[in-house]
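This is what each chain is made of:
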Amino acid sequence: MTNLTIGKAINAGLRAAMEHDPKVLVMGEDVGKLGGVFRVTDGLYKDFGADRVIDTPLAESGIVGTAIGMAMRGYRPVVEIQFDGFFFPAANQTFTQLAKMRRRSAGKLSMPVVMRIPYGGGIGAVEHHSESPESYFLHTAGLRVVSVANPEDAYWMIQQAIRSDDPVIFLEPKRRYYEKAEVDTEASIAEAAPMGAARVARPGTDVTLLAYGPMVKTALQAAEADTDHSIEVLDLRSLAPVDYPTVFESVRKTGRLVVAHEATLTGGPGAEIAARVTEECFYHLEAPVIRVAAFDTPYPQSRLEEYYLPDLDRVLDGVDRAFAY
Amino acid sequence: MTNLTIGKAINAGLRAAMEHDPKVLVMGEDVGKLGGVFRVTDGLYKDFGADRVIDTPLAESGIVGTAIGMAMRGYRPVVEIQFDGFFFPAANQTFTQLAKMRRRSAGKLSMPVVMRIPYGGGIGAVEHHSESPESYFLHTAGLRVVSVANPEDAYWMIQQAIRSDDPVIFLEPKRRYYEKAEVDTEASIAEAAPMGAARVARPGTDVTLLAYGPMVKTALQAAEADTDHSIEVLDLRSLAPVDYPTVFESVRKTGRLVVAHEATLTGGPGAEIAARVTEECFYHLEAPVIRVAAFDTPYPQSRLEEYYLPDLDRVLDGVDRAFAY
Amino acid sequence: MSDTGVHEEPELIQLLTPEGELTGHPDYPLEISADEARALYRDLVLVRRVDSEAVSLQRQGELGLWASLLGQEAAQIGSGRALREQDMAFPSYREHGVAWCRGIQPKELLGMFRGVTNGGWDPHEHGFHLYTIVIGSQALHATGYAMGVQRDGALGEDGTAVISYFGDGATSQGDTNEAFNFASVNNAPVVFFCQNNQWAISEPLERQSRVPIYKRAAGFGFPGVRVDGNDVLAVLAVTRAALANAREGNGPTLVEAFTYRMGAHTTNDDPTRYRASAELDEWKAKDPILRMRRYLEGNGLADEEFFASVDAEADALGEQVRTECRSLPDPEPLEIFHEVYAEPHVHIDRQRAEFAEYLASFEAEGA
Amino acid sequence: MSDTGVHEEPELIQLLTPEGELTGHPDYPLEISADEARALYRDLVLVRRVDSEAVSLQRQGELGLWASLLGQEAAQIGSGRALREQDMAFPSYREHGVAWCRGIQPKELLGMFRGVTNGGWDPHEHGFHLYTIVIGSQALHATGYAMGVQRDGALGEDGTAVISYFGDGATSQGDTNEAFNFASVNNAPVVFFCQNNQWAISEPLERQSRVPIYKRAAGFGFPGVRVDGNDVLAVLAVTRAALANAREGNGPTLVEAFTYRMGAHTTNDDPTRYRASAELDEWKAKDPILRMRRYLEGNGLADEEFFASVDAEADALGEQVRTECRSLPDPEPLEIFHEVYAEPHVHIDRQRAEFAEYLASFEAEGA
Ligand SMILES: Cc1ncc(C[n+]2csc(CCOP(=O)(O)OP(=O)(O)O)c2C)c(N)n1
Ligand SMILES: Cc1ncc(C[n+]2csc(CCOP(=O)(O)OP(=O)(O)O)c2C)c(N)n1
Ligand SMILES: [Mg+2]
Ligand SMILES: [Mg+2]
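Chains as they are written, first to last, in numbering that gives the first Met the number 0: chain S, 0 to 324; chain Z, 0 to 324; chain F, 0 to 366; chain C, 0 to 366.
Just so you know, these hints were derived from the structure itself, not from any lab. A portion of the hints provided could be inaccurate.
[As the list claims (entries may be wrong)] Derived lysine to any residue pairs resembling SDA-like cross-links, with alpha carbons at most 25 angstroms apart:
1. K32/S x R150/F
2. K107/Z x Q197/C
3. K252/Z x H283/S
4. K252/S x C280/Z
5. K22/S x N186/F
6. K106/C x L108/Z
7. K32/Z x R150/C
8. K252/Z x F281/S
9. K107/Z x D151/C
10. K106/F x E305/Z
11. K106/F x G123/Z
12. K22/Z x H123/C
13. K252/S x R349/F
14. K22/Z x G248/C
15. K22/S x P343/F
16. K107/Z x G248/C
17. K107/S x N186/F
18. K107/S x P332/F
19. K45/Z x R272/F
20. K252/Z x E305/Z
21. K107/Z x L327/C
22. K252/Z x Y282/S
23. K252/S x T226/S
24. K32/S x D280/C
25. K252/Z x D151/C
26. K45/S x T271/C
27. K107/Z x H125/C
28. K45/S x L327/C
[As the list claims (entries may be wrong)] Stretch by stretch, here's where chain C covers chain Z in the computed footprint (C-beta under 8 angstroms, at least three residues):
29. 89-100
30. 139-151
[As the list claims (entries may be wrong)] Derived contacts from chain C toward chain S, CB cut-off under 7 angstroms, selection only:
31. S201
32. Y273
33. A275
34. A277
Glycine included, each C-beta is placed from N, C-alpha and C at the ideal position.
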């Protein structure tokens, strides 16, 4: 057992993956000597060298585009996008190339590329450093999308993502990088919970509260704070595909669902989840699925982010709304 | 009254806008002498010259990025993205710059930029020429997103979009470019239905069938074909913002809603509409909102598109599913 | 200003004049046997025939679209034949001649334009990536692949080189320029092969660049060269040199093959809307096949019998292409769901199952 | 290969040596009065003070972040003072010195880094666009704006020129290269001003380019020039010439200001992880302020009293910056919904109303 932060757990997971498979490469802006602006690749350059830990030119399309080429040559690149807001220059390579390559080639080409993106708000940053772009990814066929909420998942899921032959968007909740917990790094990857599975983070009976990434902690706090209702908290873990059996089971039990995320409301992940759950659990729902999300505005200047982001109060308000029906 | 195709109606609308306001510019790949690959800008180069109808270098980010600069200088650029699949290189300029500029500048900068995108499938094209990227847009705060389904709307809405001080994503249903109808081009723009309003395209009482762009025709055919049910067809027209009062009114009357679109199912526009309608019309719904959409796979090679795209049968099947509850 | 950007008329590397006279070039010595010269001629004729058959097939409704290589045969055969087996090529969408050199069957290309596949061949087997339609994207893939080659230590005289094809229009795209830069700073073994066919659909070269395209390379720190793209020998020699340079660890080169798109952009296009026919006439005089024929004839390297046999072979190939195209099977509907993911995907599996059931319901009705 | 990409050591335009000796340059004659020279010195000192105050304010928790311009004062003041009122500048995020020249109050800059605005000034009023954080994006905005200027017929001796700022790292970005190309083929009146401060966060110049950056321009067909970025007179002269050239309709120029980021990338950064302190010492000897002071002193253009008065002014400015920063009001919560759209937007209006009600519910509770 090692006590690790989420950031250090990803670092340890990357190291384990690089030791396990010499084809694993890390690439991005400042991932080398600096170890990344969040130090998630700290030490890797020193131990694996410039051939495997590549400081790239400042060009996200170039990073993802060359990673695709490396994957074609048999490598398994782990790409770092420095901040969520800087993903967009790479949108073409990600959506038209990376996501489609396997089907385009009728399976002759695999794209074992992981795109690590520190995402979400709450760190008092300037513009473009607090975005939650997960909806763009989960709408794009051919990608897998996951997010982690604790050190244990951080350690194992990064390794699972790297072993996957599919492209994986690996969303790291940057404001939770420093959350700590024990991780059994000696365990076997085979025993880790599968990357695609949702997790009941806290059992409950009255309402299901679904979150992922940075909002899981808030959801758990809400469950703790709400003494009127027994809240079951689900940590989604995989946003694409979603582990619906686990979601449906919980909702059929509780009859109510609240989904919380930092992405903007309209067209956010909660929309799809609400639509699917309503389709499949129509007669079990006592109330419509309630969504607690960021407003449909650009992420505001940081002095407003405490109002913009769904916080404990807004989540609790969402839970209350679910009981208003 | 003039008999116009959708393509020619947009052309006439562009011409009217350029005559009305000398600040209106048209720019994109091949929009000049060629008149665009779909001839939507036909004749404009000849009559307005190279300063107002600009054949740009082959670079979508450059097109949108320079359009932003021109808007700052007081122009109203109408940008053509040649095909839906080639929008993605412009994603950064669209999502991080165009959409956010007004709020970033606290209203000091306006972005009256229209981005015309021929979109959707059904024309037997090679890869990247049949995409339905509307979900990426409607999830992005700061953009307006519209689509047209008939020559009348094509003629007026392009002019309304150009007059708007907000950036408008103007989605043109390319497989319907050749659909014809009478348009009263002599009427006044003030009398035209507002760009943001949904339209009851065919009244009905049993179920609401909501569509936009290329699927409106299919929806109308379904309403015609289904002799068991009285289908009310809504043409959404504006995808962001959605005219929910009109949608709710219809759903509260019929108690059932089917949404049809060519975009892929997961995270598609239907997800948001289903979530919102369920929230607001919870006690009126006799069945969950049914979505009829493309599968969650990359757009396939063209010989499979008839299976991939929601067609009349799939829409009718969706209607039947709505009555299975 | 220290560098004015104003340049003298660029040198065009040429080994063979339009009249078929072999002039040679001091920097690009080329030893070529009669057999090799005839083989190149044969390649040129056969790929032109595949191309013209494909245009007809499109007219007959057998293909959804076709992007003709007419006029660019020498640029493609010359560069394609410069490649070694272990090399990897990243084409755009018009490289039917290069595909030919890499052993791709014409029907594979037709399959894509017919809409039965997105390009059915195995890129690894042929050292030839799938066609890439989003302009510029493949230049980065090529560069990344080349960076992989470096990491494999597969350089040296028998090493692997990579080549990326694109057009004059593509040089405007951000991705192409990022590829130049990634290749340069990493000294990657990649040749950027730009077929400057003077047009990007309706836009003439001047809308993409105000200086010759090969000059772009120097600004990124690697050599650029302009070769007569209608001279198969010059293209062969120049590409071979650039590939050798890459192979030996000396990094990228930009080769600008100066050529002309003699046909429409694609079968959807109508070039009479934007270009004068006089231009076409001018380029007809520089036809890559004619030139090679004149060379062979003028130097007694081939006789009438040879030319007749190539023509006969072309006729037979044309026939074969027509037959094969018409008999390309349509894909099964459920192929929509194939190979979207490498690993099981609950959601796609379910959609496939539901759709299979849906399709079966019609058969049941029909029965 | 006709162009090898190998170049002689680039010429660095310099008018003033690090020792403060005015050497001049034949291509860039500069007439400068004592008053003007003193004014430039004052600018340099004051912007450095604003910058150091901001660094302290960040350390005290008053700012979320600050990107220091330390070492780049001459590049910014020289180019900023070359601009005319009607000109338009498109900064990146470190151009506090240019902002100063354009009449932006320091508190406006602080407001952005404090998180109370995204940049509160009116770009039109100041001829200074908002800071752009997504690297490279603004180069295209500048080019488009310049194309607008062309369309307005606002060229000629009293015409409008546009300048786009960006760093060495930004030259790798596709957008920057697309901007070079759009500007070139349209002959747009824009100056691309690259502050090559040798680093992009932790990545040294060699990771972005293997040739001097100003060489990039020739590949796109316009002039490039490297100027000593720590020499405010040289920067002024070179930028003025480039702007005049643009103004007169001769198109773009790339100015590479060769300078050094003497501080951390931002207050979040720790440069000891990736660069040697010896490098910093070397550049300290080329300090832009010291050099100008030596020049003024050496030529008797300013006396002790002048320097003392500038220092006093700097102290007062520092005090003002601290006070103003601390008293910047936080925005109202409902500002989240302000100016998302120009025209009424039912959906946003409703979200705003609901949120107002939600906020009020707490007040009610509290009461
Ligand atoms: C990113 C992108 N934008 C637009 C297109 C549409 N398009 C297809 S071919 C073409 C012109 C390409 O010109 P060039 O690069 O010179 O190649 P050529 O067709 O002449 O071989 C365009 C604009 C595309 N395929 N990809
Ligand atoms: C598109 C994009 N990618 C990454 C970043 C993160 N980032 C901020 S500054 C910076 C380095 C910029 O270097 P340079 O262009 O040389 O400017 P400098 O900071 O040295 O002034 C990076 C990578 C960003 N802001 N935008
Ligand atoms: Mg071309
Ligand atoms: Mg820098």
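Status of the hints after comparison with the structure:
Taking the CA atoms of K32/S and R150/F, the gap is near 19 angstroms; set against the 25 angstroms cutoff, the hint holds. Only pairs whose Cα atoms come within 25 angstroms are accepted, and K107/Z paired with Q197/C is rejected, the gap being roughly 34 angstroms. The suggested pairing of K252/Z with H283/S holds, with an alpha-carbon distance near 23 angstroms, which does not exceed 25 angstroms. For the given pair, K252/S sits about 23 angstroms from C280/Z by alpha-carbon distance, which is consistent with the 25 angstroms threshold.
With a CA separation close to 20 angstroms, the supplied pair K22/S and N186/F stays within the 25 angstroms bound. For the hint linking K106/C to L108/Z, the alpha-carbon distance of about 20 angstroms falls within 25 angstroms, and the restraint holds. Restraint check for K32/Z and R150/C: the C-alpha separation of about 19 angstroms stays at or below 25 angstroms, so the hint holds. The hinted pair formed by K252/Z and F281/S meets the criterion: a straight-line CA distance of about 20 angstroms does not exceed 25 angstroms.
Our distance criterion of 25 angstroms between C-alpha atoms is met by K107/Z and D151/C, whose separation comes to about 21 angstroms. Distance restraint check for K106/F and E305/Z: the Cα-Cα separation of roughly 23 angstroms lies within the 25 angstroms cut-off, and the hinted pair is therefore satisfied. Of the supplied pair hints, the one linking K106/F and G123/Z holds, its CA atoms being roughly 18 angstroms apart against a limit of 25 angstroms. Our distance criterion of 25 angstroms between C-alpha atoms is met by K22/Z and H123/C, whose separation comes to about 18 angstroms.
A distance of roughly 23 angstroms separates the Cα atoms of K252/S and R349/F; the hinted pair therefore holds under the 25 angstroms criterion. Restraint check for K22/Z and G248/C: the C-alpha separation of about 21 angstroms stays at or below 25 angstroms, so the hint holds. Restraint check for K22/S and P343/F: satisfied, since their Cα atoms lie roughly 23 angstroms apart, inside the 25 angstroms limit. In summary, the hint linking K107/Z to G248/C is not supported, as the alpha carbons are separated by about 29 angstroms, beyond the 25 angstroms threshold.
Note on K107/S and N186/F: the hinted pairing is violated, with a Cα-Cα distance of about 28 angstroms set against a maximum of 25 angstroms. The straight-line distance between the Cα atoms of K107/S and P332/F is roughly 20 angstroms, inside the 25 angstroms bound, and the hint therefore holds. Distance check on the hinted pair: K45/Z and R272/F sit about 12 angstroms apart at the alpha-carbon level, within 25 angstroms; holds. Straight-line distance between C-alpha atoms of K252/Z and E305/Z comes to about 33 angstroms, which puts the hinted pair past the 25 angstroms bound.
Taking the CA atoms of K107/Z and L327/C, the gap is about 20 angstroms. The hint holds against a cut of 25 angstroms. A C-alpha spacing of about 21 angstroms is found between K252/Z and Y282/S, which places the hinted pair at or below 25 angstroms, so the restraint holds. For the hint pairing K252/S with T226/S, the CA-to-CA distance comes to about 19 angstroms; that is within 25 angstroms, so the pair holds. Simply put, K32/S and D280/C have alpha-carbon atoms about 21 angstroms apart, close enough for the 25 angstroms limit, and the pair holds.
Proximity of K252/Z to D151/C is assessed by CA-CA distance (about 55 angstroms); at most 25 angstroms being required, the pair is judged violated. Restraint check for K45/S and T271/C: satisfied, since their Cα atoms lie roughly 15 angstroms apart, inside the 25 angstroms limit. A C-alpha spacing of about 12 angstroms is found between K107/Z and H125/C, which places the hinted pair at or below 25 angstroms, so the restraint holds. Using a Cα cut-off of 25 angstroms, the hinted pair K45/S and L327/C is violated, with the two alpha carbons roughly 44 angstroms apart.
Judged by the Cβ-Cβ criterion of 8 angstroms, the stretch 89-100 of chain Z is covered by chain C as claimed, because 4 of its residues qualify and three suffice. Using a Cβ-Cβ cut-off of 8 angstroms, 3 residues of the stretch 139-151 of chain Z lie near chain C, which meets the minimum of three, so the contact claim holds. Checking S201/C against chain S: minimum C-beta separation of about 4 angstroms stays under 7 angstroms; hint holds. Here the hint on Y273/C is kept, as its CB sits about 4 angstroms from the closest CB of chain S, short of 7 angstroms.
At its closest, the beta carbon of A275/C sits 11 angstroms from a beta carbon of chain S; the interface hint therefore is violated under the 7 angstroms criterion. With 7 angstroms as the threshold, the beta carbon of A277/C stays out of range of chain S, its nearest partner Cβ sitting at about 16 angstroms, so the hint is violated.
The structure fails hints 2, 16, 17, 20, 25, 28, 33 and 34 (numbered hints given earlier, in ascending order).
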